[in-house]
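Participant: Each chain is listed here by its residues.
Protein chains: 2
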Amino acid sequence: MKYTEKLSAIRMQMQQNGVDAYIIPSSDPHISEYLPDHYKCLEWTSGFTGSAGTLVITQNFAGLWTDARYFVQADDQLKDSGFELVKLKIQHTPEYIEWLTEQLLKGATVAFDGWLASAELVKVMRSGFNRFNFKLKSDADFLSPIWENRPAFLNNPTFLLPESTTGESTESKIARLRSAMHKNQVDFHLISSMDDIAWLLNVRGSDVECNPLVLSHIMVSAQEVVWFVNDSRIESFDKTTLANAGVSIKPYEAFTADIAQIPAGKAVLIDPKKLCQRAYESIPVGVNIIEGTNPTTLFKAIKNSVEQEHIRHTMVKDGVAMVKFLKWLEENIGKIKIDEISAAEKLLGFRAEQVGFVGESFGAISAYKGHAALPHYKSTPESNVELKPEGIYLIDSGGQYHTGTTDITRTISLGNPSFEEKKDYTLVLKGMIDLSMIRFPEGTKGYQMDAFSRQWLWKEGYNFGHGTGHGVGFFLNVHEGPQSISIAGGINVAFQPGMLNSNEPGIYRPEKHGIRIENLVICQEDVKTEFGQFLNFETVTICPIDKSLIQKELLSDTQLSWLNNYHLFVFDKLSPHLTAEEQSWLKEKTAAL
Amino acid sequence: MKYTEKLSAIRMQMQQNGVDAYIIPSSDPHISEYLPDHYKCLEWTSGFTGSAGTLVITQNFAGLWTDARYFVQADDQLKDSGFELVKLKIQHTPEYIEWLTEQLLKGATVAFDGWLASAELVKVMRSGFNRFNFKLKSDADFLSPIWENRPAFLNNPTFLLPESTTGESTESKIARLRSAMHKNQVDFHLISSMDDIAWLLNVRGSDVECNPLVLSHIMVSAQEVVWFVNDSRIESFDKTTLANAGVSIKPYEAFTADIAQIPAGKAVLIDPKKLCQRAYESIPVGVNIIEGTNPTTLFKAIKNSVEQEHIRHTMVKDGVAMVKFLKWLEENIGKIKIDEISAAEKLLGFRAEQVGFVGESFGAISAYKGHAALPHYKSTPESNVELKPEGIYLIDSGGQYHTGTTDITRTISLGNPSFEEKKDYTLVLKGMIDLSMIRFPEGTKGYQMDAFSRQWLWKEGYNFGHGTGHGVGFFLNVHEGPQSISIAGGINVAFQPGMLNSNEPGIYRPEKHGIRIENLVICQEDVKTEFGQFLNFETVTICPIDKSLIQKELLSDTQLSWLNNYHLFVFDKLSPHLTAEEQSWLKEKTAAL
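These protein sequences, in sequence, are chains B and H.
Sequential numbering of the first sequence, starting at 20, is according to our numbering.
Sequential numbering of the second sequence, starting at 20, is according to our numbering.
Possibly wrong hints are sitting among the right ones.
[As the list claims (entries may be wrong)] List time: in silico DSS-like cross-link candidates among lysine-lysine, alpha-carbon distance up to 25 Å:
1) H/154 <-> B/202
2) H/108 <-> B/571
3) B/154 <-> B/125
4) H/202 <-> B/125
5) B/202 <-> H/547
6) B/106 <-> H/202
7) B/108 <-> H/202
8) B/441 <-> H/202
9) H/285 <-> B/154
10) B/547 <-> H/108
11) H/547 <-> B/442
12) B/285 <-> H/142
13) B/108 <-> H/142
14) B/106 <-> H/285
15) B/142 <-> H/142
Think of the hints as simulated: they come from the structure by calculation, not from any bench.
Please build the complete structure, drawing on both the sequences and the hints.
Facilitator: Have a look at this one:
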């Protein structure tokens with residue numbers, strides 16, 4: 020079926036069901052960012068493979084609303100699909116709601132599949148559509164009837180992590196969760212977000228590419244923790260461990276039926292951003308719904324000391340793989356055929372040599388020259404190009420290890436960098452360093468710090484269209500909340516010691532080049548003064564930063580000194596794990612500038 | 020009546036009416052920040068004179084919830100009042116709601132006077148109290164029955180400003196408002212915020228100390244603009260002008276009765292943060308309530324070119340008064356008796372010499388040594404101290420002129436500054452300068468820029484407990500929205516060219532000193548690049564910055580160059596209006612560092 024045929028088939032169902040607009044969010048019943056193949060609805064419907072976007076279909080128009088990261092990619096992928104790119108002004112904002120109010124007549128019907136929309140999104144829709152008397156239909160699945168050979172649910176094995184890895188037992192985590200529920204005066208708590216579940220139960224799986232998750236839901240009460248999951252995939256000794264921790268197991272499909280049994284008068288805590296509308300609608304009338312962030316989301320974000328120590332060791336492994344890769348690339352560029360895809364495969368090979376490596380934490384962005392101007396570029400056989408000893412190359416990649424998740428971006432010169440490339444690179448680096456060095460009082464939110472990574476770009480009239488950094492999981496999702504460093508004022512979460520976050524400013528010049536430098540940092544305690552407790556960031560990523568792209572005179576003394584110290588740290592940590600030849604290569608790459 | 024007697028009298032009424040907690044917000048039926056004397060309920064009830072706070076009374080406890088600006092002052096003023104200070108963690112947050120849920124039994128009754136609470140506050144209460152089944156009683160006025168000699172409503176004359184002053188006629192403003200209403204698909208719009216009304220009608224009055232406002236409400240529809248105001252105070256020729264602009268007049272008291280006449284099925288736009296609960300409750304069932312910021316609030320914030328030109332001229336007048344004052348203080352300190360109150364009066368005298376001066380834009384903060392550690396200190400006959408030729412002195416003051424509102428803070432050394440004082444001052448100055456020099460892309464919010472004024476303090480483990488800057492009116496309130504430069508991520512308003520804002524970082528060391536340096540800035544267009552339109556801040560305040568408190572070696576070259584250029588600008592603008600002697604004084608104060 021061509022995309023235009025699919026579009027026609029959807030429009031026909033819309034007509035048959037009296038639906039004026041059909042919305043397809045990029046989501047699953049767990050409101051995930053990265054989706055199991057079964058739920059890759061945007062890709063199947065329109066060809067768009069980006070991780071964020073919404074399709075909106077009326078009889079006259081079909082559009083993909085997505086943000087600046089994906090403009091170039093979407094332009095390309097939507098060709099001849101029947102869908103047009105609609106550029107979001109603000110990332111993650113349902114701007115199509117206002118658009119629909121301008122397009123449709125009063126009383127129109129807007130439909131979607133309630134398994135794929137968060138309760139929060141439906142509320143926002145309701146409030147936006149309210150005055151236009153739009154009707155909302157939340158049970159419209161127009162894809163299943165026409166989706167031939169739709170990928171099945173995965174049923175991969177699962178496994179528990181030992182306390183020596185996680186630093187906290189399942190019992191202890193459940194106790195902390197119950198204590199938060201008690202504080203919120205709620206009797207029940209529903210969790211659909213798979214990374215919250217993985218953290219709570221110390222369980223991992225492989226149901227989503229690059230994310231070690233288990234497709235499942237949880238319901239917690241003072242008496243019970245019920246895990247809704249296909250139990251054939253759980254080892255019997257893990258079942259025993261979980262049972263001892265007070266976790267019972269029911270079929271995945273039983274979740275909404277059990278929700279419907281919550282007695283009236285009880286209070287249930289849910290996160291409307293992380294619970295799908297169909298689960299939300301299953302809560303009986305008379306149950307008191309308390310909305311808030313899942314307590315596990317904040318618990319999970321704060322890495323305990325055991326996790327932090329694992330992360331530091333994991334970073335050595337990841338750094339070794341990166342150094343082997345960068346050395347190989349430098350020594351072979353122009354001599355053997357290397358392209359974007361084979362380069363990424365080579366790096367994956369070096370990572371795979373590391374003990375405890377599980378797989379990539381996301382599809383690597385291996386992008387040469389103008390391709391790197393797409394912040395989330397994915398090289399395909401069609402777009403793949405050969406790397407030559409000129410221009411700049413960006414590699415954004417990460418690994419899942421049993422002892423942590425990594426995410427690193429390095430941008431390197433393959434030869435003869437231009438003045439503009441070096442200036443751009445140095446301005447990005449200055450911002451990355453300034454954020455690395457920041458000291459801030461307890462209570463500071465990410466949105467207060469975001470501009471520190473941009474200020475040197477702003478002075479030149481430059482900018483970049485994505486956030487400065489996101490939370491990162493511990494052998495979990497490479498993107499996790501609740502904190503972030505971005506312009507979003509709505510993310511009202513203060514940084515706390517133990518939070519693992521990325522620091523990744525960039526600059527993107529379409530057709531020319533893209534630059535991004537990314538380290539992971541852990542928030543730590545700094546001085547305590549009469550003005551209160553201050554915090555800072557410990558940089559944990561260990562990999563040289565390409566000096567050949569730096570205009571030294573643009574760095575301040577403090578920035579230069581940070582860079583030289585960082586490079587000392589990199590050599591110190593990695594050299595014990597390198598051959599003599601690799602050591603001497605790294606020595607040069609980390610020599611003081 | 021002593022404060023403790025008032026408290027008993029309130030508690031007695033609470034018992035008689037079955038009320039478990041009584042809330043007294045600092046507000047009036049227009050949800051003003053600065054209150055007409057009639058509505059100074061916090062001061063009457065507890066003695067606290069700060070501009071922000073909430074009294075909460077139960078049978079066991081009586082507290083004032085206020086923010087860091089007022090901690091020291093409140094501690095002092097609440098002595099023997101029966102009220103205890105409760106320190107807010109986050110400014111302007113009703114943290115007493117959670118406290119009440121912990122104090123009261125399920126089903127308790129919480130009461131307040133619905134004329135003094137915004138509809139928004141009541142919503143937040145309702146949502147916080149919901150799960151505890153608290154009952155809300157919005158018609159409890161327990162003050163009027165016991166408030167002897169309560170100040171009457173003011174009935175001062177009003178006057179219209181000519182278009183040569185405002186740059187836009189009332190007709191044009193009403194047309195813009197109606198166009199915004201049309202875009203929002205609403206039939207009616209209610210405005211209670213007095214500065215919005217003053218802006219819309221180009222009218223000024225003097226009903227609130229320091230704020231040229233007229234106690235009134237407005238209802239706008241496609242057909243009518245009804246101004247609810249006591250009409251005896253309006254000149255007949257102004258009535259004619261307003262009538263020609265389509266504005267009709269009804270008694271102040273008729274507002275809620277007219278709201279109650281809005282036909283069912285119609286849509287009304289209101290700002291729940293700016294409309295009191297009693298007016299909100301008057302909207303008939305069946306009327307579609309659309310909530311949003313009053314369009315006039317954004318219109319008003321963006322000063323047109325005529326207003327901007329007036330502001331620049333007004334700043335010259337205000338700068339002349341400030342220079343005469345600073346020179347007088349320097350030349351007389353230690354020679355004649357000068358205290359905090361007489362110094363502020365002297366400055367007021369210099370301002371009063373300026374053509375077009377109307378009065379202070381707020382009660383001046385004239386604070387010596389440790390007093391200045393209270394960011395909103397108000398010198399009283401009891402606290403007043405004599406200034407001596409030592410230590411540092413802070414004066415934060417402003418004027419209302421027919422052609423603009425000013426707000427300036429200067430902190431000066433009266434002799435022998437200490438190392439700590441100079442370091443603190445220079446760190447504050449660095450932040451103030453960095454924010455003055457910032458360039459940022461269109462769409463940038465204040466919360467993204469706030470930390471630029473703090474970063475040098477943070478590096479030392481210092482901080483200050485208020486926002487970096489607030490919007491300022493045009494011959495209107497010295498504090499106005501919607502934008503601000505603060506840590507509040509909820510103020511999701513992008514800076515736009517024409518916005519007038521303060522830039523006022525500080526540092527406060529209890530018992531020792533307080534430092535704040537404040538200029539006003541107007542947002543202006545800067546370069547346009549391939550990354551979009553950039554904006555910057557034009558500094559419009561014209562007054563020297565005390566060089567004797569600067570540790571020059573702490574300033575970067577760029578910061579030093581900003582300071583020297585600013586001082587050139589100050590001398591250039593002010594000297595034509597000064598005597599030869601004043602000129603030579605200013606020459607020295609503005610000489611390059």
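Participant: Now look at each hint and say whether the structure bears it out.
Facilitator: Hint check:
Our distance criterion of 25 Å between C-alpha atoms is met by residue 154 of chain H and residue 202 of chain B, whose separation comes to about 22 Å. Proximity of residue 108 of chain H to residue 571 of chain B is assessed by CA-CA distance (about 43 Å); at most 25 Å being required, the pair is judged violated. Restraint check: the Cα-Cα separation between residue 154 of chain B and residue 125 of chain B comes to about 9 Å, which is no more than 25 Å; the hinted pair holds. At roughly 15 Å between alpha-carbon atoms, residue 202 of chain H and residue 125 of chain B fall within 25 Å of each other, so this suggested pair holds.
This hinted pair does not check out: residue 202 of chain B and residue 547 of chain H have alpha carbons roughly 51 Å apart, beyond 25 Å. For the hint linking residue 106 of chain B to residue 202 of chain H, the alpha-carbon distance of about 22 Å falls within 25 Å, and the restraint holds. A hinted pair counts as satisfied when its Cα atoms are at most 25 Å apart, and residue 108 of chain B with residue 202 of chain H qualifies at roughly 19 Å. For the suggested pair residue 441 of chain B and residue 202 of chain H, the alpha carbons sit about 47 Å apart, so the restraint of at most 25 Å is broken.
At most 25 Å may separate the alpha-carbon atoms for a hinted pair to count; residue 285 of chain H and residue 154 of chain B meet this at roughly 19 Å. A C-alpha spacing of about 18 Å is found between residue 547 of chain B and residue 108 of chain H, which places the hinted pair at or below 25 Å, so the restraint holds. Between the alpha carbons of residue 547 of chain H and residue 442 of chain B the distance comes to roughly 19 Å, so the proposed pair stays at or under 25 Å and holds. The suggested pairing of residue 285 of chain B with residue 142 of chain H holds, with an alpha-carbon distance near 23 Å, which does not exceed 25 Å.
For the proposed pair residue 108 of chain B and residue 142 of chain H, the alpha carbon gap of about 30 Å is over 25 Å, so the pair is violated. Note on residue 106 of chain B and residue 285 of chain H: the hinted pairing is violated, with a Cα-Cα distance of about 34 Å set against a maximum of 25 Å. At most 25 Å may separate the alpha-carbon atoms for a hinted pair to count; residue 142 of chain B and residue 142 of chain H meet this at roughly 17 Å.
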